[in-house]
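Following the hints, complete the assembly by docking chain E onto the known chain A.
If you want the building blocks of each chain, they are given just below.
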Amino acid sequence: MSGHSTYQPQNAFLQWFEKRLPIGGLIHSSFVAYPTPRNLNYWWTFGGILSFMLGVQIITGIVLAMHYTPHVDLAFKSVEGIMRDVNYGWLLRYLHSNGASMFFIAVYIHIFRGMYYGSYKEPREVLWILGVIIYLLMMATGFLGYTLPWGQMSFWGATVITNFFSAIPGVGEAIVTWLWGGYAVGNPTLNRFYSLHYLLPFVIAGVVVLHVWALHVAGQNNPAGIEPKSDKDTVPFTPYATVKDGFFIAVFCIMFAWFVFYTPNFLGHADNYVPANPAVTPQHIVPEWYYLPFYAILRAIPNKLLGVCALFGSILILAFLPWLDTSKVRSARYRPLFRQFFWLFFAVCIGLGYLGAMPAEGVYVTIARVLTFYYFAHFIIVLPLLGIFEKTKPLPNSISESVLSKA
Amino acid sequence: MTTVPSAEHSRRDFLYIATGSVAAVGAAATLVPLITQMNPDASTIAAGAPIEVDLAPIADGQIIKVFWRSKPIFIFHRTQKEIDEAKSVDVATLPDPESDAQRTKPGHEPWLVVIGICTHLGCIPIAHEGEYHGWFCPCHGSQYDTAGRIRKGPAPKNLVLPPYQFVSDTRIRIG
Numbered sequence: 001m002s003g004h005s006t007y008q009p010q011n012a013f014l015q016w017f018e019k020r021l022p023i024g025g026l027i028h029s030s031f032v033a034y035p036t037p038r039n040l041n042y043w044w045t046f047g048g049i050l051s052f053m054l055g056v057q058i059i060t061g062i063v064l065a066m067h068y069t070p071h072v073d074l075a076f077k078s079v080e081g082i083m084r085d086v087n088y089g090w091l092l093r094y095l096h097s098n099g100a101s102m103f104f105i106a107v108y109i110h111i112f113r114g115m116y117y118g119s120y121k122e123p124r125e126v127l128w129i130l131g132v133i134i135y136l137l138m139m140a141t142g143f144l145g146y147t148l149p150w151g152q153m154s155f156w157g158a159t160v161i162t163n164f165f166s167a168i169p170g171v172g173e174a175i176v177t178w179l180w181g182g183y184a185v186g187n188p189t190l191n192r193f194y195s196l197h198y199l200l201p202f203v204i205a206g207v208v209v210l211h212v213w214a215l216h217v218a219g220q221n222n223p224a225g226i227e228p229k230s231d232k233d234t235v236p237f238t239p240y241a242t243v244k245d246g247f248f249i250a251v252f253c254i255m256f257a258w259f260v261f262y263t264p265n266f267l268g269h270a271d272n273y274v275p276a277n278p279a280v281t282p283q284h285i286v287p288e289w290y291y292l293p294f295y296a297i298l299r300a301i302p303n304k305l306l307g308v309c310a311l312f313g314s315i316l317i318l319a320f321l322p323w324l325d326t327s328k329v330r331s332a333r334y335r336p337l338f339r340q341f342f343w344l345f346f347a348v349c350i351g352l353g354y355l356g357a358m359p360a361e362g363v364y365v366t367i368a369r370v371l372t373f374y375y376f377a378h379f380i381i382v383l384p385l386l387g388i389f390e391k392t393k394p395l396p397n398s399i400s401e402s403v404l405s406k407a
Numbered sequence: 001m002t003t004v005p006s007a008e009h010s011r012r013d014f015l016y017i018a019t020g021s022v023a024a025v026g027a028a029a030t031l032v033p034l035i036t037q038m039n040p041d042a043s044t045i046a047a048g049a050p051i052e053v054d055l056a057p058i059a060d061g062q063i064i065k066v067f068w069r070s071k072p073i074f075i076f077h078r079t080q081k082e083i084d085e086a087k088s089v090d091v092a093t094l095p096d097p098e099s100d101a102q103r104t105k106p107g108h109e110p111w112l113v114v115i116g117i118c119t120h121l122g123c124i125p126i127a128h129e130g131e132y133h134g135w136f137c138p139c140h141g142s143q144y145d146t147a148g149r150i151r152k153g154p155a156p157k158n159l160v161l162p163p164y165q166f167v168s169d170t171r172i173r174i175g
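Chains A and E supply the protein sequences, listed in that same order. This note's numbering puts the first residue of the first sequence at 1, with every later residue one more than the last. This note's numbering puts the first residue of the second sequence at 1, with every later residue one more than the last.
In isolation and in its complexed conformation, chain A is listed as follows (with noise of 0.2 Å):
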């Protein structure tokens, strides 16, 4: 579905560059002729916010960076400094740290949409799995990032974060001690995750690029999940899609200086404001809150390699959802139970966010073990049968004729 490109410049000089590199007709055939369905709604402005979020990230993390020294006796009165003395260091760090929050909170959005609209589905396969991969990099780079302040619970979070490895038997201990760099977390682990955190966000663009790319050859899935069949069905990416994703963008920045302003701290932990202590694990320790859903379900297994796994299974288990999935329908607006247990799923993924906020005691175990048995089974069990046996709605002609019939 790529564009056609009709570029011609009129200006000499950019004719005579775009003989040289045609970058020019690469931009205009993807951001500005590139055919978009013209039904989309606001739940496709999504991909522009992250990719949004993660220029802020970018932006703010190159200049904390500038101000930040990554060493155990120094960091947390770095960040302190930062707070306190650095010319708006305060409002960069609260981008900074806030603007991890709203990244997931737009990536979570970006794949519930996907899975609702079947966006996963034949030919975006590769697509699906390169936005996993995003994932998957997006929640170590918050990961190495959350370490670096180094108050308790960046230090604790790291010791129980390296220490999932510690469940591979055999070479576990190894393995740990050599992320480490020592006996414990300490100096030299700061030290390489500081240096992983400033990488990761630069792979994160590069997998952003294959995403972008792999998006434009299968072109965008839309709420009717049915390809364009003629020109009625599409309008150009600018005006139409540009307005469209730029005016969200907006309305999402205003949520973002929400918390940036009124409530900066509401996102984290209090805890994180004590300086790390290797003696002192704090009473109650937790993940950040997008980590939530998954913590619940390493807690809810009570052997230790089993729910590392189970941990990361959860999320690997995304990657291969094009096949489970074995409908040939992709929208649910055409799928009616399956829309039913897409709202089950959505709901039990709140639950374990919940419940991995929940001490791992008495009833909130028991809880968290339903929820974890429903989230593997929406993916192995509900999915694939529902493909064989729901009786789906008849699809629209085309496009135009889906948008056309409600007008």
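Hints are supplied without guarantee of correctness; some may be wrong.
Unchecked claim - Have a look at the derived ranges for each label pair, beta carbon to beta carbon:
(1) A:19 <-> E:28: 52 to 60 Å
(2) A:239 <-> E:33: 51 to 59 Å
(3) A:264 <-> E:64: 37 to 45 Å
(4) E:62 <-> A:315: 43 to 51 Å
Rather than coming from a laboratory, the hints here were simulated on the basis of the structure. Fair warning: this is a prediction, and the values are worked out from it, not measured in the lab. Idealized CB from N, CA, C, for every residue including glycine.
Just chain E, lined up with the frame of chain A:
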């Protein structure tokens, strides 16, 4: 821009194989320093030398925490009641079966020396808490008894015993 295949083995075939072999060996050799640099460096290893701890000031029932190789070591001066509790358990019923005698030095029964790191995911358990009067880990709820053995919760192993010996009746060397 065409390549002309030759029926005979040519000098180019030799160069392909020779270059490929050198590249493979070179890449493997380069990986060694790139991977090994992440392991503990010389100063970290040097700082992990054995330490000596004086046990005389530790009161009955008291647990102290010392650091060896950046790891907290719990030294527990157990009361007679706590020793009896540890001994009265049927070893076969434990998740990680070890008798109290296996976890202490002969003739020094009151002293339990363990690495104070939960064997689940590395948190530091809280002393004198939990149902078994040993340790309770606040992270994921593992409970250890007065011999540092796992009794309940997700941790798979007993608290690890560090290498140590008694230099005298009131002094130990850890490491």
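We went through each hint and held it up to the structure:
{"no.": "1", "hint": "A:19 <-> E:28: 52 to 60 Å", "result": "violated (45 Å)"}
{"no.": "2", "hint": "A:239 <-> E:33: 51 to 59 Å", "result": "holds (54 Å)"}
{"no.": "3", "hint": "A:264 <-> E:64: 37 to 45 Å", "result": "holds (40 Å)"}
{"no.": "4", "hint": "E:62 <-> A:315: 43 to 51 Å", "result": "holds (45 Å)"}
Comparing the model with each earlier hint shows a violation of hint 1 alone; every other hint is respected.
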